[in-house]
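When we follow full-length UniProt numbering, the leftmost residue of the sequence shown carries the number 1, and every step to the right adds one.
Calculated directly from the structure, the hints in this document are not laboratory data.
Note that the structure is predicted; figures quoted are calculated from it, not measured.
Treat the hints with care, as some may be off.
To be verified - List time: in silico PhoX-like cross-link candidates among lysine-lysine, alpha-carbon distance up to 25 Å: (1) 79 with 62; (2) 434 with 445; (3) 124 with 106; (4) 62 with 73; (5) 202 with 445; (6) 74 with 223; (7) 88 with 223.
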Amino acid sequence: MHIHKLKAKAKKKNQEKYLTKRKIQKKLFLSESEFRRLCIFKGIYPKDYKDIPLKLRKKFYKNKVYYTRSDFKKLSNEKIIQDFRKIKTGLKRYKKYKLSLEDNEKCKSIIRNFPKYKLDHIIKERFPILVYAVEQLNDALTAIIAYSFLPSNENIGIKNNLINQSIILRNHFHYYTYKTNKIKKGFISVKGYYLQAEILQKKITWLIPHIFTPYFDKSIDFKVITNFIEYYVTLLRFVLYKLYRLDGLSYPPKEYTDLKNEKLNHLAFDKNFITKEIANELEAKESTEQNTLDESEIPEFEETNQENEINEPSKNDEKKKKIETKPIEHDIINNDNTKSVKNLFKNHIFYIHSNMPFDVLSIIILSCGGTICWNSLYSPYKYEDKNITHEILEVSGENMETQNSNKINNINEFAYKRSFIQPQYIFDCLNSNKILSCEDYNINKTLPVHLSPFIDDDNYKDLVKKDEYTINKMLSEDPQYNKSIPKNKTNSQNQYNNYNDNENDMSEDEYNNAIRQKLRNDALNNQMEAENENNYNPQNSIKQENDLLNVKKINNQENIKRNKLALSKKKRKLYNRIEQAENRQKLTIEKFIKKNKNKKSK
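Start from the sequences and build out the full structure, keeping to the hints where you can.
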C-alpha cells in the first residue's frame, strides 16, 4: 500500500479511539438517564478535551462529551443493560393492562414479578480486595448520612426506599465503630461533626450534619444523587458484612423494638441499654424459637450460585463456627496511643441533656470506654445518681434567667459532686488523647480555640500549640471573655483605649472580634520577641538576612519567567534583546571598575 493510504488508516484508528456520548447511546440502545446510571455504577467518566492529543483535536468539538473505546467495551459487556430492557417491557405491559384493558388482577401480578437489577457483581469487579473498598468509604458515608436526613419526595427523585436503607446502614456503621473502639479523631465545624475511624490501617473520615430543615433547590438534580446512593448502599452493605465477621459479630445485628421506639438509632442494637426483665423475656423467646425449628425447615442452597457462597453448608462447618465465635485480630499494630484512646473515658459517666447532639457524643464516649445516661427509662443511670461524674449542657447568656432556671438550680445542687462541661470538651480530649481539666470548659465561660486535628504537618502542629496557648492565656486574663471573673478595671483594658472612639459605630460582635484580633497579634508579637531574645546570635541574624535576600531574588526571577510565557513571540524576542543589552552594559562597567582598582594597587 502507498504511504499516504497507510497514514490515512492510522488517522482513522486514532480518531476511533474516542466516541461521542450520542454514538454510544445509539449503539447500546439506551436513554440518557439509563446511560448516566450505568456510567455511575461502573465508575466511567467522560474524557476532558485537554486529555485528547493535539494532533487529533482539530476534528473534535469542545462542547461535546467523549469516551474512549475501552470504556465502550466495558459498558457493552454489562449484564445490567438486559435488566434495563426488561424493566422497559414491564412498564409497557403495565400501562397496557392498566389503561386500555383495565385488568387490575393482571397489573398486580406484573408488580409482584417486576424485574430488578443487582450491583453485586459490579462491586466485586471494582473492589476485588476488602481494603480497596474501605478506602472509598469517605464519600459513601457522608452521602448516605446526608441522604438519610432528607424527606421522601418521589416527584423530585428522592426515594423513600433508599432513605430507609440509608438510615439502617448509618446505624449499623455507628454501632460497629463504637463497639470495636475505632474512633480516633473528631472536629466540630459549621457543616457538622467530622469523625475519623481507623479500620484495617486505613483512615476513614465522614461528616454527620447538623439537624436542619432541608430546602429543595430547583437547580439540584436529585435523580443523579439517588443513582450515586443506590451504588453506595450496596458497597457499604458488602463492607459491613465483612467487617462484622472479622470482629466476630453477627450481621445484621439484632434490633430491639423497645429501643427503636425511643428513636435511639445506633443504640437500639445494644443489649446494655435494656432492663433485666425485658432481657430475660427475650432470651426465653429465643430459646423456644430455636427448639421449634425442624431439619426440614432449614433452607438448602445450590452450589452453582456464587452469590450464596456465604450461606452454603460445607463439610468444614465446625471450623467456620469457631472462626465466627472468636474475633479475628486485624493486622493493626497495637500502639500505646490506640490503647489510651480505647480507655480514655474509663470509669467516667456522662449525663447528656436533650439539647445536645446525642448521637455524636454517644458514639465518641462509648468508643473511648465511657458510659452515658440521659432522660429516659432505658438509661442505666438517673439524673439524681451520685455516680455521674460529668454533665454535658450549654446555657445561653440571653435566656439564662428565663429558660434555663431549672438547670442552674440543678448545678447549685451538684456543684461539689460533678463537673458541668460543654460538648467541645469531649472532642478536645479525644484529639489530645488525654483527659483535660474541666475549668476551661465550664458553663458561661468562653471556650478555648477549637482547631482541626486532621493536619499531619509537624511544623503546623508546633505553631498551633504555641498560638493556642498564648491566645487562651490572654483571653483568660481579659474579664470581658471570662464571665466568672467580676467586671473590674484591669491592666488589660488599657490596651483597648484605641477602640473606644469607634465603639459607637461598631456592633457588639464586630467590637469583640476586633479586640480578639488585637489580643492575638499582641500575644504572637510578645512570643516572637521572647524567642528572639533567648536565641539571639549576630551571625545567625546576618545569615537570616542573606537568606531572605536570596529568597526574594528567586521569587522575582520566577515572576519574570511567568510573565514571559504570557507574552507573544515578537514581544518575547524584544524583551530578550533588551536583557542582552543590559547584560553587556553591566559587563563593560565591571571591566572598567577592575581596571581602576588595578591601577590604584600599583
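Here is what the structure says about each hint:
1. Our distance criterion of 25 Å between C-alpha atoms is broken by residue 79 and residue 62, whose separation comes to about 32 Å.
2. With a C-alpha separation of about 21 Å, the suggested pairing of residue 434 with residue 445 holds against the 25 Å cut-off.
3. Annotation: proposed proximity of residue 124 to residue 106 is violated, straight-line Cα distance about 37 Å (limit 25 Å).
4. Straight-line distance between C-alpha atoms of residue 62 and residue 73 comes to about 24 Å, which keeps the hinted pair within the 25 Å bound.
5. Distance check on the hinted pair: residue 202 and residue 445 sit about 38 Å apart at the alpha-carbon level, beyond 25 Å; violated.
6. Of the pairs offered as hints, the one joining residue 74 and residue 223 holds, with about 24 Å between alpha carbons and a cut-off of 25 Å not exceeded.
7. Straight-line distance between C-alpha atoms of residue 88 and residue 223 comes to about 18 Å, which keeps the hinted pair within the 25 Å bound.
In summary, the numbered hints that this structure violates are 1, 3, 5.
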